[in-house]
Amino acid sequence: MADYEYLVEVNDLQMHFPVKTGFFKKTPLKAVDGVSFNIKPGETLGLVGESGCGKTTVGRTLLHLYEPTGGTFKFKGEEVTSKNIGRLRKEMQMVFQDPYSSLNPRMTVEDIIGEPLDVHHLYESKEDRREQVLHLMELVGLNAEHATRYAHEFSGGQRQRIGIARALAVHPSFIVCDEPVSALDVSIQAQVINMFEELQEKLGVTYLFIAHDLLVVHHISDRIAVMYLGRIVEIADADELNENPIHPYTLSLLSAVCVPDPIKAKANKRIILEGDVPSPLNMPSGCPFRTRCRYATEQCAQEAPSLTDRGNGHMVACWNK
Amino acid sequence: MAKNFDIPTPKKRLLSLQMDPKKFEPATDAEKRQQDVMAESTTFFRDGMRRLMQNPLAVMSMVILLLVILMMIFAPLFVPYGYEEMITVNGVRDPAAANLAPFHYSALEQQYMDQGGKIFPHIMGTDELSRDYFIRVVYGTRVSFLVGVFASLMVLIIGVLYGAISGYAGGRVDLWMMRIVDIIYSLPDLLIIILLAVVFKESLDFSQIPIFANLGTNMVSMFIVFGLLYWVGMARLVRGQILTIKENEYVLAAKSIGASAKRIIQKHIIPNIISVIIIMTAQEIPAAIFTESYLSFIGLGVALPMPSLGSLANAARSGMQSYPWKLVFPSVMIILIVLAFNLIGDALRDAFDPKLRK
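So the protein lines, in turn, are chains V and Y.
If you're matching positions, the first sequence starts at 27 in this note's numbering and goes up one per residue.
If you're matching positions, the second sequence starts at 376 in this note's numbering and goes up one per residue.
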C-alpha cells in the first residue's frame, strides 16, 4: 500500500531559538542540533535525556508547533512543511506532559475530546459526535458519565487519559508522547503505560515516547535514543542499549537506574558525572559531552563525532568507545 | 506470601481490615438507579447562570438594579413635575415651596387642596429653588447610570481589543503598545480628566448628530474622557491574563490539533478571561459614577440645570444641617447602585469560575 519503509524519517533536524544576550546581540540557542532518526510503522522509539537536552523540543518541532530552523522530516515518505501540516495533523498527534495545564478548565470532557473532531469536521450529527467521544472514553478506561464533567474534577491519571483520548480522536498513526507519565504517581504511571501498550496493540499506532526515566522507556520502547545537549549520542534496540551501552553518557545514565535486586544493585558501580551540563548558548567545541567525559581526548575537542553503526543498528556518536 | 494477598481468606483475623459480606445489604433497585443518574448536560453559560441564580445576594442586587432602572424609565411619566421646573400652583409660581420636607406642602398648595384641587405629593420634598426633589433625583440617577454604563462599555471595548492584540501578538508589538499604556498610566488622572473635559467642552459640538443631541455635548464628552483614560487598566489586565493563558499547554494542544487562531481565541482564551473582564467592567461602573460626581462638583460635569447624583449631593452640602434629606436621597441612590454592581460582579465571578465550584 505504501512506498515507505519508515513512518517517520527525521534527518538533521535543527531548532535554534534566538536569545538576547546583549543590547543588540542575539545568540542562537541550539535546543536541537542535528537530530536524525527513523521510526517504523507500529514501532515505539523512546527518547531519553536529562532536563533541558531538547527532547520536548524535538517532539514539538515534529508537529510544527515550532518552525524548524533546518533539516527535514518525512512522514509516510512525504516531507512535512508548514503547508501540508494542516492536513497531516489528522495523522500526527501529541500527548502532553502536564495533565493539569493541558486541559482547558472551561471545557467539559466531552468538548475536550470532541475538539479534534470539530476542527477536522469528522462527524455528521451531534449524536454521532457524542457516540465517537463515548467510544474514545471507553477506549481509555473512562466512564461515560464523566463526559459532562470539567477537567478539574479528575485525578492526574484520569486527566492524562482524557489527553490521550483527545489525541486518539482523529485516528492518528503517529503520536508524540511528551513525558506523558512523569507528572504521575508511580502506581498510576504503570496503569497509563500499560494502556499505551494496549492501545498500540489495538490500533497499531506508532509512538515517539519522550521521557527521562530509563526504566519506563525500556519497558515501552522497541528502540531507544539517548539525547545530550540537542544531539542524539546513542540509538539502539531497547534491550541492546540496556545490556550493552557504549556511549559514556549512556553508561552513566544506566548506572543511575534503580535496580530492584539488592545484590545486583550492590554490584552496580555508580558512575557519577562531574561538572554541570554546559549552557546550550555556549556549547563546547567538538563533542558536546567532552567536558564531562573521562575518555575525552584532543580529537573530541577538535571535531564532533557523528553516529556510526556498531553492528545491529546500534549507532553511537563517540570517537573513543 | 504473595499468594495470601490474592486469595481472600475466609477466616476473620483480629486487627485485620477484612470485611464480612454478611454485614452488607444489597442495594435496592432505586439505589442502583441513583448511581446511573448523570448530571444533565449543560452549556458553560447556562451552568453559570444557574449558579448565579442560587446566590441570594446576587438575586437581591439584580432586583434592586431592576427597580432602579424601572424607576428611571417610568417615574418621569407619572410625576407631573419637570426636573427644571419651579412648582406652580394653579398657574401661579410658588416661591414659598422651597426646601420642603418629604410629603409636606407649602401654604399655597395647602390652600389649593382645601379648595378641592389635587397636588402630586413631593416624595422627597423640594430643593432651594422650589423644584420637586424626587424628579431631580430620578434624572440624576439617569445621568449617573448612563455615564457609568457607557463609560465602562467604552473601557471594555477599547481595553479588551488593545490588551488582546498586545498579549496575543507579543514580541515587539507588545513592547510598544505597553509603553504607550505606561505613559498614559503615569499621567495624573484628575489633571487629564479636567484638561480633556475643558477641551471637549470648548471644541466639540454634538448638537447636529441626532442621538447625541438629546444627551448633550457635555455628557458625550464625558464618555470620551472616561473611555480615553480608564481603558489602560483594562488593557493591562487583559494582556496579563492572555499572556498567562497563552503559556498553558491546552493552547499548545489546540494548536497541535490544528485549531485556527480564531478558534483558540474563542474557545480557549476568551472563556478563561471572561470572568475577569466582567468583574472589571462591573467595578468600572461605580468608579465612573464617582468620577462623574466630582467632575460635576467642579463644574465640568453635566451642565445645570440637568442634575446628576454627584452634583445633587454636592449642592445639598450647604444646607446639610437644616435639610439633611437632600444629602441622604442622592447618597442612598449612589450606594444602592454601586453596591448592587459590586455584588453582582462578585457573584458573576463565583458563578463562572469552575475552580470555585463545590
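Be aware that a few hints might be false.
Result set (DMTMM-like, lysine to aspartate or glutamate): computed pairs, CA atoms no more than 25 Å apart in a straight line [what the hints assert, rightly or not]: (1) V:Lys295 x V:Glu269; (2) V:Lys116 x V:Glu269; (3) Y:Lys642 x V:Glu136; (4) V:Lys109 x V:Glu179; (5) V:Lys109 x Y:Asp422; (6) Y:Lys630 x V:Asp137; (7) V:Lys100 x V:Glu35; (8) V:Lys102 x V:Asp154; (9) Y:Lys637 x V:Asp137; (10) V:Lys56 x V:Glu31; (11) V:Lys66 x V:Asp211; (12) Y:Lys630 x V:Glu136; (13) V:Lys56 x V:Glu93; (14) Y:Lys630 x V:Glu269; (15) Y:Lys630 x V:Glu93; (16) V:Lys116 x V:Asp154; (17) V:Lys56 x Y:Glu503; (18) V:Lys66 x V:Asp287; (19) V:Lys295 x V:Asp263; (20) V:Lys295 x V:Glu76; (21) Y:Lys630 x V:Glu104; (22) V:Lys116 x V:Glu31; (23) Y:Lys642 x V:Asp211; (24) Y:Lys630 x V:Glu117; (25) Y:Lys642 x V:Glu117; (26) Y:Lys621 x V:Glu104; (27) V:Lys52 x V:Asp38; (28) V:Lys290 x V:Glu329; (29) V:Lys152 x Y:Asp422; (30) V:Lys46 x Y:Asp557; (31) V:Lys292 x V:Asp248; (32) Y:Lys642 x V:Glu153; (33) Y:Lys621 x V:Asp302; (34) V:Lys228 x V:Glu269; (35) V:Lys116 x Y:Glu400; (36) Y:Lys642 x V:Glu150; (37) Y:Lys637 x V:Glu117; (38) Y:Lys630 x V:Asp248; (39) Y:Lys621 x Y:Asp564.
Hints were generated in silico from the structure; no laboratory data involved.
Within 25 Å, alpha carbon to alpha carbon, are Lys152 (chain V) and Asp422 (chain Y)? Cα-Cα ~20 Å, so holds.
Verify the proposed pairing of Lys116 (chain V) with Glu269 (chain V), using a straight-line Cα cut of 25 Å. violated, 38 Å
Straight-line Cα separation of Lys290 (chain V) and Glu329 (chain V) no greater than 25 Å? Violated, because 38 Å separates the two Cα atoms, which is more than 25 Å.
Check whether the Cα positions of Lys228 (chain V) and Glu269 (chain V) lie no farther apart than 25 Å. violated, 30 Å
Is the Cα-Cα distance between Lys630 (chain Y) and Asp248 (chain V) 25 Å or less? Measuring from Cα to Cα gives roughly 29 Å; hence the hint is violated.
Distance restraint between Lys630 (chain Y) and Glu136 (chain V), which requires alpha-carbon spacing of 25 Å or less: Holds - the C-alpha atoms of Glu136 (chain V) and Lys630 (chain Y) are around 18 Å apart, at most 25 Å.
With a cut-off of 25 Å on the C-alpha distance, tell me whether Lys46 (chain V) and Asp557 (chain Y) pass. Judged against 25 Å, a Cα distance of about 23 Å means the pair holds.
Holds or violated: Lys642 (chain Y) to Glu117 (chain V), with C-alpha atoms at most 25 Å apart: Holds: Lys642 (chain Y) and Glu117 (chain V) sit about 23 Å apart, inside 25 Å.
Below or equal to 25 Å on CA atoms is what counts here, so check Lys630 (chain Y) against Glu93 (chain V). holds, 13 Å
Lys292 (chain V) and Asp248 (chain V) were given as a pair; does the straight-line alpha-carbon distance stay at or below 25 Å? violated, 28 Å
Lys630 (chain Y) paired with Glu269 (chain V) [C-alpha distance capped at 25 Å]: Between Lys630 (chain Y) and Glu269 (chain V) the Cα gap is close to 40 Å, so the pair fails against 25 Å, i.e. violated.
Verify the proposed pairing of Lys621 (chain Y) with Asp564 (chain Y), using a straight-line Cα cut of 25 Å. This hinted pair is violated, its Cα atoms lying about 32 Å apart.
Hints 2, 4, 5, 8, 10, 11, 14, 17, 18, 23, 26, 28, 31, 33, 34, 35, 38, 39 from the earlier list are contradicted by this structure; the remaining hints agree with it.
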